[in-house]
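**Student:** So you can see what is in the structure, the chains are spelled out below.
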Amino acid sequence: MQPFTTLTSTALPLRTENVDTDQIIPARYLTAVTQEGMGDGLFSWWRYARDGSPNPDFVLNQPQYQGSEILVAGRNFGIGSSREHAVWALTQYGFRAVISPAFADIFYNNSLKNGLLPIRLPEETVGRLLDLVEEVPHTSMCIDLPSQTVTLPSLDSGGSGEPEGPWTFDIDPFRKHCLLRGLDDLGYLLDKEEQISAFEAAASY
Amino acid sequence: MGKTLFEKIWDAHVIAQDEGAPAVLYIDAHLVHEVTSPQAFATLRERGLPVRRPDKTFATMDHAIPTRIGAVEVDWPDDAATQVRALRTNCADFGVPLFDIEGDIQGIVHVIGPELGITQPGMTIVCGDSHTSTHGAFGALAFGIGTSEVGHVLATQCLMQKQAKTFAINVEGSLGHGVTAKDIILAIIAKNGAGGGVGYVFEYRGEAIRALDMASRMTICNMSIEGGARAGLIAPDETTFEYINGRTYAPKGDAWDKAVAHWHTLKTDDDAVFDRELTLDATALEPMVTYGTNPGQGVPVTKRVPKASDLEDPAERRSLQSALEYMGLTEGQPIEGQHVDIVFIGSCTNSRIEDLRAAAAIAKGRRVSSHVEALVVPGSKAVKAQAEAEGLDRIFSEAGFEWRGAGCSMCLAMNDDKAGEGKYVASTSNRNFMGRQGPGSRSLLMSPIMAAAAAVNGRVTDVREIL
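So the sequence lines, in the order shown, correspond to chains P and U.
Following my numbering, the numbering of the first sequence begins with 1 at its first residue and continues without gaps.
Following my numbering, the numbering of the second sequence begins with 1001 at its first residue and continues without gaps.
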């Protein structure tokens, strides 16, 4: 797993609630037997016209948001299926973090296992971030996992009005530890061999 | 203080709990299918690891396979055939039992697990599929996992999990005629929202739940994930034990008596406290229909599609407006009478023999409307055989429904069963997401009897009028 420490990038605004995993990657991309090729299917229904040409109205196709590694979306992001393909699609396309007021449980877990940082911020804050990146697409955001903060460096330096952020987010300390070091669960679980065998013996499994 | 059913099962399966780390949870049964497993088996190969407990791992094929009767494998689309071949190779190489489409036992993973008696009270059950919550109907802690976690369970029979919070959903009173388990769960999700259960495990309780048969309980638990909860539980009782007794993998003889004695303890203690509770009056429920693009956007069939101006929350308003635009529906329109092009009776939510019997009772002696294409897809080969033994296939065929082989089919349109652009699908499945049943398809989720009534009338119908 690719470690995650800090990330400074522009952000792509997806002002939609309940973005389900079928929207993130439709079932027809699930016929693969490897992880590859998922990036092309990301947001396929919205991103392409039925003839396969790019839909210019969809934010992912707009030139001002190319290269953004942060996705900002409405609440309940990732509802639906357990398909990890949704996370692979996002990471293969180039996203490294998703900010939303709420995530579906399975999507949230799958993200953490692939070095994609899911950041929960209050509805109001996410609304403000969406406003900002829609108005000023080159707004840069800085995500700092060690301090669990999101800041807007471009606004802090000499901007007028009230300074905004930093906003702090919660993350399970263990998951944070794994992300910072790029560790996956498998090694940890394999180390529990003794306890697993003891449990199986005691429960006469 | 007493424990909830969830807490009892959880505590019995935690094998390690290091400070500052998630619990290590032991998994009793792991169900595997062709779509979410190949990359997990690849991880095992890369690391040179065996499947730790092939005897606790059960594989079948359901998502990508064609369901047309007589579809021969050489004519399958390449990608489906490749996935099925990969599953066969993986199961053979790692010693995992496979219920192959070539054999007598095969079907939707959440239909065959219970059917074979693999699913038992008090177990932990996982599968790389979000509708694993279905098995909670037996008082098993069952939830969907991603492909990385499929690899973890294959290799270690364990998962790292954070303990969920508990959420009691009390359904009191009794259901009216023509109102079913599907309507209960659609009403719960409409009330609590598609994200309302995130972080929780539901426990469905109350008189209306106790009165349900196992198929109906599975319908309810199946859609827990649609309410945001990874798992839903119903405490096991005599109905549960009677269902399991005698099935292939069920305990036999003394082991059965011992198991039942243990299963009797699997209920929430009277003095246990849930983190949240919600109560619904079953008596007031009506058949439900979804109008939107998430399962929380549903209304009783006698009611109208909401108006944006009725909603206070701007995000909810936006969500409603975009859903109605996609669905081609008008705010404030009655949902009853809405035109239907396709009817799909099937999926892990509603493809069991009880579902098919109920739908056939509506179809019997009637005809599918001339403009409607209708299909019935049994959940497993066993369901198909039972339905055929009872003559249900003939009732459906004579009424103009197409009778299929077992699989997921148009629930997720991974195979060639796809609804066309803009078509309205009266569907007994679980998700009405945009494009879920085919590019541009518009799903109206409902119960099997409501779907059968929609097929006959060619529009959304209050089934109670023709019962």
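Treat the hints loosely; a few may be bogus.
Unchecked claim - Covered stretches of chain P, as calculated for chain U (at least 3 residues, CB under 8 Å): (1) 25-39; (2) 65-73; (3) 90-104; (4) 134-141; (5) 181-195.
Worth flagging that the hints you see were computed from the coordinates, not collected in a lab.
As the structure is a computational prediction, the values presented were derived from the model and not from experiment.
Each residue gets a CB set at the ideal place from its N, CA and C atoms; glycine is no exception.
**Student:** Are the hints correct? Go through all of them and say.
**Tutor:** Here is how each hint holds up against the structure:
{"no.": "1", "hint": "25-39", "in the structure": "holds (count 9)"}
{"no.": "2", "hint": "65-73", "in the structure": "violated (count 0)"}
{"no.": "3", "hint": "90-104", "in the structure": "holds (count 3)"}
{"no.": "4", "hint": "134-141", "in the structure": "violated (count 0)"}
{"no.": "5", "hint": "181-195", "in the structure": "holds (count 9)"}
Of the numbered hints stated above, those contradicted by the structure are hints 2, 4, listed in ascending order.
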